[in-house]
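Novice: Mind docking these for me? Both chains are given alone in their own frames, and the hints should help you get the complex.
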Amino acid sequence: MNRPVIPDFGRGSDCVRENRLFCGEWVRDNWEGVLLPRLVEHVELTLVAVAVGFAIAFAAAVAAHRLPRLETPFAFVAAFLYTIPSLALFQLLVPVTGLTVATVQVALVGYTLLVLFRNVLTGLQSVPPDALEAARGMGLTRRQTLWRVELPLALPALLAGVRIAVVTTVSLATVAAFVLPRGLGQPIFDALREYFTTKLIAAGVLAVLLAVAADALLVLAGRAVTPWTRARRPA
Amino acid sequence: MDARAEAGVTASFRPGVFADGVRFVLENPGLIADKTGEHLVLSGAAIGLALLLAIPLGVVLGHAHRGSFLAVNVGNVGRALPSLAVIAIGVAFLGIGFANVLVALVVLAVPPMLTNAYVAVDEADADAVDAARAMGMSPAQVLLRVELPLAAPLLFAGIRTSSVYVVATATIAAVAGGGGLGEIIVDQASYRLEGVVGAALCVSALALAVDVVFAALQRAVTPPGVRSRVPAFEPEVSAARTAV
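Top line first, the protein sequences correspond to chains A and B.
Numbering follows the numbering used here, in which position 184 of the first sequence is assigned residue number 184; successive positions increment by one, without gaps.
For any residue, its number in the numbering used here is found by taking its place in the second sequence, counting from 1, and adding 235.
Read the hints as simulated data drawn from the structure, not as lab findings.
One side only, chain A facing chain B, incomplete, derived with CB under 8 Å:
id, residue
1, 87
2, 205
3, 208
Note that the structure is a prediction, hence the values are computed from the model and not measured.
The beta carbon of each residue, even a glycine, is placed where N, CA and C say it ideally should be.
Only chain B is shown next, with the shape it has when bound in the complex (with noise of 0.2 Å):
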């Protein structure tokens, strides 16, 4: 059977298909919650763990000022990766659902969540940290006192893109048996175009509001000497992806 037939990809486009896609949400409140709530803990999950595997080994490698070969280049490569490729070679290790899914968007994750980390903590002003070392820090005082406090934007424009990405990328887990809204996208043929819409409508609405959080967290956590010296444009790296 054909996947586009199947799929119903051939109603005819009328230009009120958006308000069409918005009525679908407002009448199928508890489909939509469902959904979101399936899409906010997969893409939750994948970020959580992200954080735990990339975070600290980025401040460690930046604090030594070691590996910046595999962080920098794990960032590239990890950047260029196709969601769905990553997504199917999982499925093939390890079978339909949550897991694969799961195990996919956090490879997707990782990369933007060191790089960032790792270059932060490795581009900390150096007469801070040489002036931290005078007054006598230890180097564990150093880390979290100096380096950490002026990393805290850049390190967090990382975990900003890496969520974003995340939480766009969890749609296309749909076609692995991941769940959530990319489930309705992916399903024409019993939704019909609104529900294709709207759910799309409800992921766009989802990245843009994880984007907002972050970045009202990434004020919050710059101390207020760094906050004048954050970038007004981001780097390369962090206005890497977002759409997928």
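Same shape as in the complex, but just chain A (with noise of 0.2 Å):
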């Protein structure tokens, strides 16, 4: 990180020197060299934290919808993973974890654990016994009926988890930026610490679009795997 120690307005225009509302031209100078890096670390960020949290959170619930004495540990563990508040959280992983990356990754991770859980439980458990009957009636085994009738039909709430994982991921990761300057939250701490308002309407505006995009992708994508949720609805 070669990051200037005094306040960098840029090198150029009066607009970024008098410090106006919003310049322009600073965004697309600083595009490459700041901006596209932290999305891209940003995105790089959701992505391992809500594939790891929906692993781990996948196996718990398939093992509570199993084994229902396990439901209420697990809930009661992500539950309280998911009160601390995010600010104080990532600090108090530092002297665990140290000054890297594993110390966000295991934070946000947390954070997915509980709506991922619930989601996915909930789809499961929501599995209309008519079609768990037809499924042993056909002779499938417990793990084709897992693979082939359960999960299809839990797919809808399952997808609806990911979503909300992913854009409380991108939040969260923004503040994740308080410890470990990575991601779009970094320029947005700079910012508030210089005053300088094109670049925290900017970093601003790239997360709010990261979450508003990620958000409305995840529904194209879930619509088109799971097509009968759409044919069944009366129009």
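Specialist: Okay, structure coming up:
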């Protein structure tokens, strides 16, 4: 990181030096050097956290579906993690995992667990008994029933969970920059210190756009993989 | 200067840090009370303003069965908004301080309230509404005596979600001069890790308390006849977000 020690209002125009509300040319000049790399980092942070969180929550939900005894302990741990303010959790993890991506990822994964676990489990539990009976009648094994009947029917609830997990993670990943200079939160925290409005607006709007775009994309993806949910709904 | 070095985020971890956090709260009752007060004033003002904006609009749209596109999409987009980004944009326009943070929190609080109010009134039992109309009730009477009582549980679920979310998000407001318990959490250099943990525990407790109070309110405003029909698991909009 070769970040300047003094506030860097750019090398340039009157607009930037006078810190007017928004300077388009600063965004153009710093798109490749500052904004785009942070955006890519932000996407990476989000994807890794949701993927790891999903793997854990999915395994836990399938286990809890088979052995209902497991539901309460896992839900309790996930709910407990969920109530810790992120600003504090990131700082709390620093002494354990150091100033590394791991610190941020552990916290982000922790926050995805509750929503994903709850939604996968709700989806599995709301599979109609008729469908299960039909599967048994057709001679499907337990594993086959899970993959061919229960999971497809749980898909809408599961995808709704992924959607919430993704937008939540995009939001929390901005806060993570408080401890680790990564993602779109970094220019935001820098700009808050420098009170540089162009950077505040540019990074803020990018984060908002990323979240809204990810949300919209997941809605479309959800519709594509669950065509039956649309067909059933009256016009 | 680097924010992280500045905040002194380098303390070493001891398992006893939670106990130290509790001790910090007990040993600094004045500070905690002050910051909790600020936190509640900020959250309360944001929740109040959001209520005034969102509930009448949602109820009127739901009663007219119009504007579903607006109500539902405001909810979806609003849920996706990253809180720190909203606060950053607010700071750019309104400067550092209470006002900007208040506006940002209102922006974050409105969507779940609006969507739930709309959906609750819009989906109030159509047969009951028809019956009320057939009994000669005026549109206002239908709204006040039939639709709103039927809508109460879901409507309050939205208010509850928003309120818990605002109390938790108000923590982040500290980075933009909003005050409150977040001020301790972002200042590890002054308060050390035990202060951060202590204040975080207070925020968690506060959010939990708000949730419990609003759950009780939700039960209280639900007419006995509707109580059995309160869904066991809240719809997606209400379960949206609390982590901040």
